[in-house]
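Chains as they are written, first to last, in the numbering used here: chain P, 1 to 488; chain S, 489 to 783.
Hints may contain errors.
[Claimed, not checked] Pair ranges (Cβ atoms, derived): (1) S:K734 with P:S394: 51 to 61 angstroms; (2) P:T24 with S:L738: 52 to 62 angstroms; (3) P:N349 with S:D614: 42 to 52 angstroms; (4) P:L223 with S:A608: 29 to 39 angstroms; (5) S:I577 with P:G161: 46 to 56 angstroms; (6) P:L343 with S:L738: 38 to 48 angstroms; (7) S:T642 with P:G161: 40 to 50 angstroms; (8) S:K734 with P:T11: 18 to 28 angstroms; (9) P:N349 with S:A608: 49 to 59 angstroms; (10) S:I577 with P:H224: 50 to 60 angstroms; (11) S:P739 with P:K62: 17 to 27 angstroms; (12) S:P739 with P:E80: 20 to 30 angstroms; (13) P:S394 with S:T642: 26 to 36 angstroms.
If you're looking for bench data, these hints aren't it; they were derived computationally from the structure. Don't be surprised by glycine CBs; every beta carbon is placed ideally from N, CA and C.
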Amino acid sequence: MPTVIVAHFKTNIYEYLEALQKSTLDKLYEEPATCLAIFRLLPSLARQLVMSLLFSTQIMSKADLRQCIKNDKESMSKFEEALDKLQKLHIMIEQENKTIALNSSFKQKFQECLTGGGTHQSFGRLYNKHSQSNSHKLPDIKLLDEHAKTKWEEILHFMVGTDRMNSPGASVLKVVTKANLMREKEGKGLEITNKGFQFLLQDVNTQVWAFLIQYLDLASEMLHMNVVEVLNFFFMLGSLELGQDYSVEGLTDTQRQLLDDLTNYGLIYRQKKSSKRYFPTRLATTLTSGNSAIVSNAASSNLTDDDDSATEQGFIIVETNYKLYAYTNSQLQISVLNLFCNLQYQFSNMVTAEITRESVRKALKHGITASQIISYLTSHAHPQMKKRPALLPSTVVDQIQLWEMELNRLVITNCYLYKEFRTFADYEVVLKHANTLGVVVWSSDSKRMIGIAEAGHERVKAFIKRKIVQRRSNGGDTTSSASGTPAR
Amino acid sequence: MNVLHVNNKTSNISCQRHERLEGYLDQDANLLVLIIDTNPIVWKKSSFPLKEALRHILVFINAHLALKHDNDVAIIASHVGVSKFLYPIPTHENSDKTIFPNMYQKFRVIDEKVIANMSALFEDVDTPNNYPDKASSMVAGALSMALCYINRITKADEIGHVKSRILIISVSPDSPYQYISIMNCIFSAQKLCIPIDVCKVYGGDTPVFLQQASHITGGKYLKLDMPQGLLQFLMIAFLPDRYNKKYLCLPGEERVDFGAACFCHKKIIDVGYVCSVCLSSILNLICSMFGVYKT
Chain P
1 MPTVIVAHFK TNIYEYLEAL QKSTLDKLYE EPATCLAIFR LLPSLARQLV
51 MSLLFSTQIM SKADLRQCIK NDKESMSKFE EALDKLQKLH IMIEQENKTI
101 ALNSSFKQKF QECLTGGGTH QSFGRLYNKH SQSNSHKLPD IKLLDEHAKT
151 KWEEILHFMV GTDRMNSPGA SVLKVVTKAN LMREKEGKGL EITNKGFQFL
201 LQDVNTQVWA FLIQYLDLAS EMLHMNVVEV LNFFFMLGSL ELGQDYSVEG
251 LTDTQRQLLD DLTNYGLIYR QKKSSKRYFP TRLATTLTSG NSAIVSNAAS
301 SNLTDDDDSA TEQGFIIVET NYKLYAYTNS QLQISVLNLF CNLQYQFSNM
351 VTAEITRESV RKALKHGITA SQIISYLTSH AHPQMKKRPA LLPSTVVDQI
401 QLWEMELNRL VITNCYLYKE FRTFADYEVV LKHANTLGVV VWSSDSKRMI
451 GIAEAGHERV KAFIKRKIVQ RRSNGGDTTS SASGTPAR
Chain S
489 MNVLHVNNKT SNISCQRHER LEGYLDQDAN LLVLIIDTNP IVWKKSSFPL
539 KEALRHILVF INAHLALKHD NDVAIIASHV GVSKFLYPIP THENSDKTIF
589 PNMYQKFRVI DEKVIANMSA LFEDVDTPNN YPDKASSMVA GALSMALCYI
639 NRITKADEIG HVKSRILIIS VSPDSPYQYI SIMNCIFSAQ KLCIPIDVCK
689 VYGGDTPVFL QQASHITGGK YLKLDMPQGL LQFLMIAFLP DRYNKKYLCL
739 PGEERVDFGA ACFCHKKIID VGYVCSVCLS SILNLICSMF GVYKT
């Protein structure tokens with residue numbers, strides 16, 4: 001059975017934050033950049049509730065808040081869900097006298113975020129150009145994108161198993177094994193797991209966050225890094241400007257340690273290890289925004305410097321005859337396609353493939369679900385496809401789901417078969433007893449056979465043995481057997 | 489040619505059907521077009537200075553941008569005799585990209601630009617001086633500019649991702665001279681399903697036209713008794729986007745005064761005649777377009 005599928009990167013971070021303790025969350029809320037990032041993760045009704053209470057000085061109770069919501073079921077359920085999430089993250093705290101209020105440090109810092117006050121420098125300290133003697137050539141956005149793409153794809157290539165010269169660094173391998181994306185094979189080397197296959201099909205933001213959260217766990221356990229500082233740094237990265245250099249001063253020691261690892265993942269670029277400044281790449285600036293983080297080859301030439309919300313150019317066209325055309329040259333994307341389709345021809349700018357039953361079954365056996373395949377195709381669909389009323393042809397979508405359901409046609413349950421009952425009465429007695437125990441998997445009156453689940457086998461066996469003993473003792477007693485009283 | 493629809497009911501239904509077809513989603517980016525009435529004479533009369541109101545409005549704009557990364561805003565100032573864009577203004581010179589570490593970059597850029605452009609607007613005293621009717625502001629002009637901007641953005645957005653709305657912060661009374669233009673803008677907004685919300689900060693008499701605007705397009709009209717609480721009112725009543733509005737009960741006025749202005753003398757009338765050819769409302773039996781008509 002496939003493990004829990006992470007649909008959206010928000011659920012990833014959200015579950016991690018919920019698991020933190022109140023004191024850790026309070027410390028996190030002392031940085032306005034973190035408050036803004038966590039605020040954007042909330043459901044939209046929750047965001048509205050926070051904004052309504054942010055600048056008010058009135059004391060409100062839950063009933064007061066409930067009055068603002070319309071009275072129908074859907075609104076009420078959304079309200080309860082929003083309130084629940086806010087309380088779990090300790091943003092809204094219910095006090096003893098039934099009033100509800102915002103977490104005071106969150107309230108103050110978020111107000112500062114909106115009004116621009118304070119001296120926290122939480123949005124990234126700029127590098128002071130005057131103190132630099134010889135100016136190196138500043139990297140332009142193209143270089144940053146290249147760097148991000150190569151580093152991140154290195155990791156993905158390593159997972160897929162394409163032959164490449166350089167494998168990623170040791171810290172990457174540690175995170176990958178810990179996240180159960182790959183496991184140790186006999187002999188040397190790592191092989192990819194089911195969870196790893198699912199990981200490959202997700203969009204870049206989800207992948208990056210899944211990685212970062214595993215890194216957080218690893219960091220807090222093995223390297224004893226301060227979780228609060230690491231999280232603050234991640235959220236600050238999400239609010240930085242692409243192409244701008246930021247200074248290393250003002251970062252704590254934990255955060256400086258982070259810089260090396262983050263350079264390996266492609267989130268940050270540094271000119272050399274001891275450089276006093278760092279440049280966030282597109283992977284970093286789109287951490288909290290939900291926009292696509294990797295610019296494919298086709299799109300990068302059209303971007304200007306001001307455009308920081310690059311939409312990933314889709315490249316897949318799916319036809320109703322199950323043929324697939326992918327306009328890409330990237331080895332990684334071709335390898336990912338190979339997971340669930342039959343590649344046929346490769347041309348100079350595209351690859352043709354076919355979605356067949358065998359190819360989809362191969363993917364399903366690896367633990368990939370039909371919905372993941374469909375969401376991968378949807379998210380990478382060519383802009384031409386977006387002009388159709390339904391993005392993917394419904395025939396293909398339905399067929400992939402049917403192939404998945406085929407695997408579930410037969411459900412195997414282990415059980416013990418009881419057969420060759422001498423009389424119908426015996427069969428009935430055992431069946432009744434087994435029904436009261438609730439262990440009957442299947443029974444057939446005409447064939448006089450009962451299938452008993454493994455859990456109940458011992459008890460039914462004991463019951464039958466008792467009955468046989470009873471009958472023998474009854475049979476020894478001639479008076480009752482002559483009258484032919486059936487054994488109860 | 490006057491294009492004036494008398495019966496609104498059919499257009500309302502088409503807008504509702506449009507709404508159901510479009511379906512407001514949580515993932516939509518929201519474009520808020522803010523029209524600020526900057527008539528300096530009327531602001532001086534009110535107890536609440538424009539500078540203070542501007543502070544509240546800027547925090548409100550930041551709040552709107554904070555809700556979602558994709559949210560965007562456009563600000564138009566409706567001045568005496570002229571209406572101007574405060575943001576976004578395409579600049580040719582390379583704006584200096586100084587990063588301010590204490591504030592989120594997007595907030596800071598927009599706030600600075602709005603303040604700079606508004607100061608530039610107030611420095612120009614000739615246009616307001618030359619305009620005859622100094623008690624009102626160019627709401628009609630601002631509305632037209634807003635609708636054109638929204639149209640451009642909607643056309644450029646192919647996926648249907650951006651949902652827009654208009655918010656007018658008004659202090660000056662209605663000008664009957666602008667009746668026809670405002671009504672035309674309102675009906676275009678209704679066709680495009682763009683709600684117009686109105687927040688009346690100061691003003692004794694009820695603005696008939698703006699109330700009708702919010703009623704017809706499905707927005708909210710709110711008159712503030714306490715202008716000092718402007719930010720809180722804005723946050724509660726005017727911050728929720730179209731997706732959230734489905735679930736919230738928002739304050740607003742239900743009673744609408746359906747007044748109209750006559751086309752010939754530009755007076756606000758309750759009872760009058762309608763020309764059977766061009767459907768314009770007139771005071772006497774003489775339509776300025778088509779001559780004398782006997783009913």
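To see whether the hints hold, each was checked on the structure:
At roughly 29 angstroms, the beta carbons of S:K734 and P:S394 sit outside the given window of 51 to 61 angstroms. About 36 angstroms separates the C-beta atoms of P:T24 and S:L738, a value inconsistent with the hinted range of 52 to 62 angstroms. The supplied range of 42 to 52 angstroms is broken by P:N349 and S:D614, whose beta-carbon atoms lie about 60 angstroms from each other. The beta-carbon spacing between P:L223 and S:A608, approximately 54 angstroms, falls outside the hinted interval of 29 to 39 angstroms.
Restraint check, S:I577 to P:G161: a C-beta distance of roughly 53 angstroms satisfies the suggested window 46 to 56 angstroms. A C-beta distance of roughly 55 angstroms is found between P:L343 and S:L738, which places it outside the suggested range of 38 to 48 angstroms. In this structure, S:T642 and P:G161 meet the distance hint of 40 to 50 angstroms, their C-beta atoms being roughly 46 angstroms apart. One distance hint, 18 to 28 angstroms for the beta-carbon pair S:K734 and P:T11, holds here, with the actual separation near 23 angstroms.
Evaluation of the 49 to 59 angstroms hint for P:N349 and S:A608 yields a pass: the beta carbon distance comes to about 50 angstroms. The hint said 50 to 60 angstroms for the Cβ distance between S:I577 and P:H224, and at roughly 51 angstroms that hint holds. Between S:P739 and P:K62 the Cβ separation comes to about 20 angstroms, which falls inside the hinted range of 17 to 27 angstroms. Look at S:P739 against P:E80: about 23 angstroms separates their beta carbons, and that is inside 20 to 30 angstroms.
Between P:S394 and S:T642 the beta carbon distance is about 28 angstroms. The supplied range of 26 to 36 angstroms therefore holds.
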